[in-house]
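Please arrange chain B on chain A, whose structure you already have, making use of the hints.
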Amino acid sequence: MPIKRLFVANRGEIALRIVRAAQALNIETVVAVSDADRDSAAARLADRSIVLGPAAAAKSYLDPRLIVHAAKESGCDGLHPGYGFLSERAILPRLCAQHGIAFVGPEPDVIDALGDKLRARAMAGAAGVPLVPGSECVASSADARREGDRIGYPVLLKASAGGGGRGMVIANNGDEAEAGFHKASAEAVAAFGDGTLFMERFVPEARHVEVQLMGDGNGQVLHFGERDCSVQRRYQKLIEEAPCAAMPDHLRRQLHESAVALAASVKYRNAGTAEFLFDVQRQEFYFIEVNARIQVEHPVSEAITGFDLVQEQIRIAGGAGLSVSQQDVEINGHAIECRINAEDAARDFMPSPGRITRWEPPQGPGIRLDSHMSAGAMIPPFYDSMVGKLIVHGSDRADAIARLADAIDNFVVEGVPTTLPLHRAIIAHPDFVENRIHTRWLEQVLLPDYGKKAA
Amino acid sequence: MTENNAAIAAIDDARALLDTLLTSGWQQLHVASGDTEIFLARKDGGINPMRVVAQRPAPAIAAPAAQVGPETAVPAPHVATLEHALAVGTHVTAGQTVATVRVLDEREDVAAPVSGMIVRVDAEPGALLEYGVTLLSIAVAA
Numbered sequence: 128m129p130i131k132r133l134f135v136a137n138r139g140e141i142a143l144r145i146v147r148a149a150q151a152l153n154i155e156t157v158v159a160v161s162d163a164d165r166d167s168a169a170a171r172l173a174d175r176s177i178v179l180g181p182a183a184a185a186k187s188y189l190d191p192r193l194i195v196h197a198a199k200e201s202g203c204d205g206l207h208p209g210y211g212f213l214s215e216r217a218i219l220p221r222l223c224a225q226h227g228i229a230f231v232g233p234e235p236d237v238i239d240a241l242g243d244k245l246r247a248r249a250m251a252g253a254a255g256v257p258l259v260p261g262s263e264c265v266a267s268s269a270d271a272r273r274e275g276d277r278i279g280y281p282v283l284l285k286a287s288a289g290g291g292g293r294g295m296v297i298a299n300n301g302d303e304a305e306a307g308f309h310k311a312s313a314e315a316v317a318a319f320g321d322g323t324l325f326m327e328r329f330v331p332e333a334r335h336v337e338v339q340l341m342g343d344g345n346g347q348v349l350h351f352g353e354r355d356c357s358v359q360r361r362y363q364k365l366i367e368e369a370p371c372a373a374m375p376d377h378l379r380r381q382l383h384e385s386a387v388a389l390a391a392s393v394k395y396r397n398a399g400t401a402e403f404l405f406d407v408q409r410q411e412f413y414f415i416e417v418n419a420r421i422q423v424e425h426p427v428s429e430a431i432t433g434f435d436l437v438q439e440q441i442r443i444a445g446g447a448g449l450s451v452s453q454q455d456v457e458i459n460g461h462a463i464e465c466r467i468n469a470e471d472a473a474r475d476f477m478p479s480p481g482r483i484t485r486w487e488p489p490q491g492p493g494i495r496l497d498s499h500m501s502a503g504a505m506i507p508p509f510y511d512s513m514v515g516k517l518i519v520h521g522s523d524r525a526d527a528i529a530r531l532a533d534a535i536d537n538f539v540v541e542g543v544p545t546t547l548p549l550h551r552a553i554i555a556h557p558d559f560v561e562n563r564i565h566t567r568w569l570e571q572v573l574l575p576d577y578g579k580k581a582a
Numbered sequence: 199m200t201e202n203n204a205a206i207a208a209i210d211d212a213r214a215l216l217d218t219l220l221t222s223g224w225q226q227l228h229v230a231s232g233d234t235e236i237f238l239a240r241k242d243g244g245i246n247p248m249r250v251v252a253q254r255p256a257p258a259i260a261a262p263a264a265q266v267g268p269e270t271a272v273p274a275p276h277v278a279t280l281e282h283a284l285a286v287g288t289h290v291t292a293g294q295t296v297a298t299v300r301v302l303d304e305r306e307d308v309a310a311p312v313s314g315m316i317v318r319v320d321a322e323p324g325a326l327l328e329y330g331v332t333l334l335s336i337a338v339a340a
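Protein chains in written order, with our numbering: chain A, 128 to 582; chain B, 199 to 340.
What the hints contain is simulated information worked out from the structure, not anything from laboratory work.
Note that the structure is a prediction, hence the values are computed from the model and not measured.
Just so it is clear, CB atoms sit at the ideal spot from N, CA and C, and this is done for glycine as well.
Mixed in with the good hints, there may be bad ones.
[Unchecked claim] Reference excerpt, derived from the structure (chain B facing chain A, CB under 7 Å, subset only): (1) Ala214; (2) Thr218; (3) Val277; (4) Glu281; (5) Val301; (6) Leu302; (7) Leu326; (8) Glu328; (9) Tyr329.
[To be verified] Some chain B residues well away from chain A (every beta-carbon gap over 10 Å; in silico): (10) Asp217; (11) Leu284; (12) Ala309; (13) Pro311; (14) Pro323; (15) Gly330.
[What the hints assert, rightly or not] Pair by pair, the computed Cβ-Cβ distance ranges are: (16) A:Gly320 to B:Glu306: 42 to 48 Å; (17) B:Arg213 to A:Ala318: 36 to 42 Å; (18) B:Gly330 to A:Arg567: 45 to 51 Å; (19) A:Glu487 to B:Gly330: 51 to 57 Å; (20) A:Arg246 to B:Glu306: 34 to 40 Å; (21) B:Ala309 to A:Gly503: 35 to 41 Å; (22) A:Pro548 to B:Arg213: 49 to 55 Å.
In isolation and in its complexed conformation, chain A is listed as follows:
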C-alpha cells in the first residue's frame, strides 16, 4: 500500500529533504519537533508538526515510544527516520510494525545483524566480500612473525579484549612484529587483564569508499555507484565525492558486485551503504560495515545518477518495489559535497551555535544546497552543528572542483563562524586537486598548517 501520510522522525536539513520528497509524491507529512525546533523550516513546510518533548534529544528525538505514538495518533501510515538519532535502532521499526506503520528502512533483524560488527563481518565473508587480511589469536612472538610475514607489513597487533588504542602496536617488519608482540601483550595484560592478541593488516594511507545500495526486500539490490569520503577529521566526513576518481574501472566493478552480493544475501530492503577501506598502494578493498539508512552524503550519488534516492526510499517502503533496473543507472560526470558546520576551525572545531544574520547561498547550474537555514534562523546548541550541504556537479572532477570553488566564494554567511573557509582551503590544496588524499590526510597534512595560519 502506498504511503499516504508520512511521519518525519528527524530534524535539520534531512527533515526538510524528506518533506520535499514526500510532497513531490503527493504524500502528506507530519514532522516531529522538539521544543527547540518548533519554528524549523521542516515544521513550517510540513502539513503538521508535533512537539514531542523538550529540547534535549533524549526526551524528544531519541524516544522511540513518543515518536511512534505521535505518528500513530496523527494518522501516519509511514515513518522516515532520516539519519542519526534512531535511524539504525531496531526498536523503531519494531514499534512501527506493531502499530501498523510502514518503516522507511530495512527490517529490524537486518539492522540488528548489520549493527553487530562481528556478525556483519561474518555475513560479508560468507557473501564473498573481501575482509581486511588478519590472523586468529597469536600466542607467541614467533607466531607474530610468522603471521606478519603471511599477512604482509605493516601489520597492527591488537588486544582482542581491547579498545581505545591500548594494547595496539604497528609493526613494519618481522623484527618489529616480535618486539611488538611482547609490548602489546604486556600492555593488554596491564589494561585488560588479558594478553591475547590478534593481527590485522595496517593500511597507512587508505581511502574511504562506499557503495550506495537500494534493495526491494526480496533479494533484488541495485547500486547507484560509489562515493569517496576520504576527507575526514576524527572519523567524521567533511567532503564526499562521487565517483571515486582514484579507483580503476575493474576494481570499481568488483566493489559494486561485492556490495550488491552482501546486501542481496540478507534480502536487504530500502537504502543502505556498504563502506570499504581502499588500499591504493595494493589496489585492494576491504569491507568495513554497512550503514542501514540514508546517508548524509547521498546527494552526490543523486547528482551523478539523476535519481532521487529519498523518493525511491518512500516508494519502496510503500510496497512499490524498485522503480528502475541496474542498466537504467548511468553515471554522469563528477559530484562533490561539503558539509557546512557552524564550527570554528581555528578553535579546534568548537561548535558555534547562534543566529544566522546573513545567508546568501550561491546559485547556478550544477549547484545544489540542502539546508534548513535562512537569514534570521537560529542554530540551537542542543544538536549537531551542520547548517547545510553544498553539492556541485561537473563534467569531471576538475570541473566540479572549479564549480565548488566558485560556489564557496559566492556563499555569504554571517552571524556564526562556519567551516566554509576550511572547505575552500581543502579544495585549493594541491593534494586534493591531484587526488592524493587519504583518510588521515586532513589531520596530518592540512590541519596542522591551517591551525597556524588561523592563529
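Using the frame of chain A, we list chain B on its own:
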C-alpha cells in the same frame, strides 16, 4: 572534550542565547534543557520563572473569586494522549495525581505541582497533547 572546552562551549551557548534575545523583539527568554535552565530578560522584561511560579489571570469560568488565588497550569510532560483528568472543583494536594496520559500502551500519572482546586480542564480526553500544552489549571487556595 576537556572541562575547559565544555565551559567555553557553555559560555558560547549562553552568548548565542543572549544574542537571540537582543536581536529579537522579545522581553525575556527562558530555555530549559536537561538539568540546565537559563533565564534572560531585558530591563523591563518579565519575572524570573525560576523564582516565581507563573501567574495567570483568573479564568472567566472560575469558582467564586474569594476561594481562588493565582492559577498554575499543569502541562503535558511530553507528547501523549489524555486518558482522564480530575473534574473541575476537585481539591488536590501537591504531588497528587490529577490526570492520566498514555503513550502507546503505557499509562502515566501527572501529578499536581501545587495544592489547590482544579478550576479548568483545558484538554479533551482522547486528544493528542503536544509537549507543554496545558492539561488543566489549578488555582492555589486563597
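Results for each hint:
no.	hint	result
1	Ala214	holds (4 Å)
2	Thr218	holds (6 Å)
3	Val277	holds (5 Å)
4	Glu281	violated (13 Å)
5	Val301	holds (5 Å)
6	Leu302	holds (5 Å)
7	Leu326	holds (4 Å)
8	Glu328	holds (4 Å)
9	Tyr329	holds (4 Å)
10	Asp217	violated (6 Å)
11	Leu284	holds (23 Å)
12	Ala309	holds (17 Å)
13	Pro311	holds (16 Å)
14	Pro323	holds (13 Å)
15	Gly330	violated (6 Å)
16	A:Gly320 to B:Glu306: 42 to 48 Å	holds (44 Å)
17	B:Arg213 to A:Ala318: 36 to 42 Å	holds (41 Å)
18	B:Gly330 to A:Arg567: 45 to 51 Å	holds (46 Å)
19	A:Glu487 to B:Gly330: 51 to 57 Å	violated (35 Å)
20	A:Arg246 to B:Glu306: 34 to 40 Å	holds (36 Å)
21	B:Ala309 to A:Gly503: 35 to 41 Å	holds (39 Å)
22	A:Pro548 to B:Arg213: 49 to 55 Å	violated (21 Å)
This entry does not satisfy hints 4, 10, 15, 19, 22, going by the numbered hints stated previously.
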